[in-house]
Amino acid sequence: MTPELGNFALALACCLAAGQAVLPMVGARRRDPRLMALAPALAIGQLLALLYSFACLIHSAIQDDFSVQNVAANSAVAKPLLYKITGVWGNHEGSVLLWALILGLCGGAVALFGRDLPSALRARVIAVLGGVSAGFQLFCLTTSNPFDRVWPAPMDGQGMNPLLQDPGLAFHPPILYTGYVGFAVPFAFAVAALIEGRVDAAWGRWVRPWAVAAWCFLTCGIALGSWWSYYVLGWGGYWFWDPVENASLIPWLTGTALVHSAIVVEKREALKIWTVLLAIGTFSFSLSGTFLVRSGILNSVHAFANDPARGIFILGLLGLVIGGSLLLFAIRAPQLAAGGVFAPVSREGLLVLNNILLCSICAVVLTGTMYPPFMSLLFGKTISVGKPFFDATAAPMAIPLMAFMGLGPMMPWKRAQLWPVLRRLWWAGAVTVLAFAFAAWRVRDLLPLLAATGAVWVIASSIADIAERIRLFRIPVGASWQRARMLPRAALGAALAHAGVGVSVLGLAAMSQAQHRIVEVHIGQTEMLAGDSWTLTEVRAAPGPNYTALIATIEVRHDGHLVTVLHPAKRTFASQNQTTTEVAIHTNLMSDLYGVLGDRHDNGAETTYVLRLHYNPLAPWMWLGGLIMALGGVLSLSDRRMRVGAPRRAAAAGLVATS
Amino acid sequence: MTRKSRRLWLVGGCLIGLGTATALTLSAFSSNIVFFMAPSQVHAHPPAADRTIRLGGMVVAGSVRQQKNGDTPVNQFNVTDGQDAVTVRYEGILPDLFREGQSVVAIGTVLADGSFRASEVLAKHDETYMPKEVAEALRRSGKWDPRYGKAPDAASWNAMTTSATGQDKAASQHGS
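The listed protein sequences correspond, in order, to chains B and U. Be aware that the first sequence starts at 1, since it is given in the UniProt record's numbering, and climbs by one per residue. Be aware that the second sequence starts at 1, since it is given in the UniProt record's numbering, and climbs by one per residue.
Excised from the complex, chain U in its bound form (with noise of 0.2 Å):
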């Protein structure tokens, strides 16, 4: 074994071992990426049904009902960013950090008919953190924009409509 056919059986492995990793990495990215949708988002553009999203938003005060289907329990409640709500059910135990009017992201796919199953539910570890992407798709539906101050209290985001501004004092006391 010459000093230069070891150099090619290990230029060779290499090769092969990268060229697996990047064959398999594409191939993953191409169906196991999830992507961020804010509710009004998945009503315009609804993804495919096999399709895992992170759907994220605040939780509309006063929409989470437990039912029960069989002995498992359902969770449900609406998700939205201020310009459209999304029904979300969830089959388990919601998060300790879970309270209505905060911000939530579930993980699940869309189904038929516009809702949306949740395989799993995340809360922040804080409540008085919103997660990042969340804050960003609610700057995007003109509810709030980070440059103006802090963002309104969570519980009156379910009371706007497409017309009501971030700083509408009357909208965010009502559902506080």
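For reference, chain B alone in the conformation it holds in the complex (with noise of 0.2 Å):
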């Protein structure tokens, strides 16, 4: 019955959400303050509908309901009670939920945190995003369908991929999503506005705080992926370039732009048909993201869905989306009034300079990602672009978007004077080349040399700036003190997430100097690393909750002095015939320490096993500096500015006929 009570209520939050697609926008149209005002009640109908839709589908993962197809398909009854709940979103049509659920809390915080918004614009915003959801949720009801009941219903179900049954990837998904249908809200606010015609200082402050909040899931959301890859892949590697975590970067590196040429719009008018192109742009990213995984377009370790039918459904909804807002976009765009003016030097010359820069490492990331399948589909060659593609393309450009965003900050608006910057950033600059020196005495290649330059050249800018806000030693600490507290949040939360990219950059430039060893040793053999000595002492079998383990135990030392002692493992699943490697990592914030288990040899009398030891310095400051970046965002969408006293319009100033 559960299942029936879910698909019922996902039927109905479709219904919902088209009713909230068309209503408020022909009460916005008509000037009927009746039908705009339905806008919120429909959306809050819908997120309840979706939210019991899930609740059933979480009760019958949970009640071991295997004649519902997705559960058998994806559970069994030996699996541990989290991972009942974690595998609902662990599979297609589960995520495919999901990612309805996020969009329709997208509505739902729009109607309930958008009071002081204009009831016009309101009213379309929600309509876009009930547009976008009724498309969702077809999708779901129709081609990928979670309610789906198999008979006869099976005994016990197949269980879940052991590699995904792990307390990261549980909660990687959600995250990741709100971050992708996130930008959801900055693109019905760009539709909204282009349907309008207009838009001005206020839209950018409207837009921008949805902007910052879906940045930061991305952020964390990409952070948390790549740590997973790191400790649960056991390769020692953070990140593939796999057309799956390109995905999520590409809409990343817009979404950094979007929430930067915001600024521009709220503060100084100028940059507006060049920022609703990126809201427009960057939820399309998003969209193409899901579609490019769901598909198997791109060959990927992630895809788990082949299915022509919803590559095609997909295909008409992103062409939908996607091409009728930019067709609306090349319709009304010419109509925005041109904003303010401004000299090449200056904060919004730096902000520009910021956004071409992002969104060419952008252009070149989407190039290197799409260009095998389309030479496969064209002219049949298999051909794949990796590492050193990207490393050959998009690095040389971040190291220029770095130099330049030590100087942002600080530079004025509207017109900006170089020299009087720069003697501001003295001591960064010295700090600089202090950093330079040193990391050019340890390090050989150019590359993570430069990078790690530009990386401390971030961070010691970003402290120079609020030092410099404060007075820092110039006036008595006290006074100091006043003045950091009255400061604006949303300054202190750009330095921090300025930081948190260089804190991230010095993670992987110092990461190119891993070092790693493989060798086959016996039990009590020591092996030399990086000055660490390593040592297999025992190995011995254990059996767990579904799966047996080979338990290994290495003793690490540095001069005598035990370090740490890692407990890598291998594990059996025996349902599904497959083995899994637990990774034991050791860190102390500076460096990890990072041990696999490979193969038992029996070569006679004597028996060996194979070992993976690496040696990875400051490995924790790149997902570190992801966190410090989300939390940047975090603190600067606190600020009072973002909430209070804000909304209003200019009164006739840029006023295009509204339609």
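Heads up, some of the hints might be wrong.
[Unchecked claim] To give a feel for the contact side, a few chain U residues facing chain B, derived at Cβ under 10 Å:
id, residue
1, S27
2, N75
3, L97
4, T109
5, L111
6, E120
No lab work stands behind these hints, which were simulated from the structure alone. C-beta: ideal position from N, C-alpha, C; glycine also.
Combine both chains into one complex, guided by the hints.
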């Protein structure tokens, strides 16, 4: 019964979403307050129906209702409870429902928190979100219904891929999806503004918190995914330039550009058309990212559905959403009033440069990702584009980006002089030169050297920015502290986010100097790596809940002192006839010691084990930096300016006839 | 600063950004694209020694050997597309899903003696799944055509000769 209720709730949500797409839009056009007031009510109703539907699916999974096809294919009685719940979104059907639920949450959030918005704009934004929701829910109902029954019901489910049975992966999809789907709100704002025919400073101020929030989630999602592949896949790698990873990086790049260009709209009413295009583009890339994953166009380890009917449906949905919004953009964008004027050397100028560089990197990543499938589609040639390509293209453009990142926040608006800004950054420059000298002594390769230097520059100049604002050491410390407390949170958040980029890049640069050895040892044998001695002391077998494990004990010593004891393991899952590698990692935040247990060889009397030992300097910084970036975003979201007293539209300035 | 000159600056900046991106992409495409090759293609047109390729096919059953180079273990196995086989050497731990008689993709370079030195070996997450590029190579080698049903038993690939066909029962039972 529960699955049928869930199915019914999903269908109900789809109907409500369709109503939400049409009625408020008509109301906004006819200036009918009653129709416009329907928007929030419908959005909340849709959200409640979706929540109920999702709860039904979770209930079926917990109850081991194997008459539900989705549960039978992905769950099993022996699976731990946590993974029964998280397994709900570890497969195609469930993840589409999760996607729809998050979109519903976005609509609900606009309905609840968007009370300050003009009623016509709010009605249109919610209507656009409703339209996208209706499309996705229809996709879910017709081609990938998670509530489909199977008859006869099997006694036990087939179980989940053991690789997915991991806490990191359990929470990665919801966070990543919230990032992807969150960009639907700036998209809806952009489409609503195009329909209305006006974009002004107030629009920039309304759209920015939503873009920042989505960006925070996407940043966390990408960092979490990278961390997962680092400690689960056991290759010591953290980013594989896999198509699925690139599909999340591309909207992140344009989303970062959007977060910055929206500032220019808010402060200076410039770059309006460009910002609208970025908002449309970012959500389009998010949608295409899902499409590429789900349709299996891009061969990837992540793909779990290869069904042409779904592909065609999604392709149609994509064409409708992306093509429709771009068509609207082409018709309406020329009518938007041009904005403020600024000199090339100014805050706006540097923000434009940031946008150009981010979009160029995005174009390169997009080309590298799409080239192989197009070559195989058009010419039947099988090629692949991997890490060397992206290292040679994306990295050289990231270095000027970091160089200008340090200058940007200190640059005055409209018209600026370069020299006073540089003079205020003198000590950050000095630190950077010292860092360059130190790095040049330790690192031989050019790219990591420049990246590390750039990272230090970004961190130092972010600190310099805040120190300058509170006049540290130039006025008494107490007065500085007073100034620091009065500082807008947005400025602190921006500095923190920039420093986070620096921390991540330092981690990436240091990881290029990682060392590893693959050795075959017998018990008691000691091997040296990066100044530590690693000794395999014991290997024993141990049973687990639904697997058997082989656990090794490795003692790592430095100058005779015990540093840590690692327990890497291999698990064999009988039900799937599959083995997984459990990596052992010891971290002291400055470096990771990373051990992997490989094959066991019995050659005659002696038994030997293959071990893979890694020394990864600054590895945790890569993900820590992502966390710091997201924290910076949260800090600037908490700025009073983002919430209170903001939304006053300029009376008639820049008004374009609203048709 | 007039509107016109601002536009000029913007267009100039965009051109420089996109120009750099295009130049970097083209130069990287010329040296960093990795082509997929089946063993018979490697024999027919051996790639240059510094060129990284993806070699794909089936692991010949019974060909996997472990050797030691000092303390470093070296895995050696043969990869075949039913027409030709290439010996692959790989220093490292083979992935969890690596099996004899199943499909595999190795990334690395061809040495002067015709053997393949792999820097990475990929076996897919699902053991019934064959990488698209491997399936395509097998179809081209004439051993199996997707239009005529399922792929033959993977374990039989090493027993095939050029004259045998994918439907040959005797051959497919030999290896399994």
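Taking the hints in turn, this is what the structure says about them:
1. S27: holds, 7 Å
2. N75: Holds, because the Cβ-Cβ distance from N75/U to chain B comes to roughly 9 Å (cut-off 10 Å).
3. L97: Nearest chain B Cβ about 7 Å off; hint holds.
4. T109: violated, 13 Å
5. L111: Where the cut-off is 10 Å and the nearest Cβ of chain B is about 19 Å from L111/U, the hint is violated.
6. E120: Status holds, d = 8 Å.
Checked against the numbered hints above, the structure violates hints 4, 5; every other hint is satisfied.
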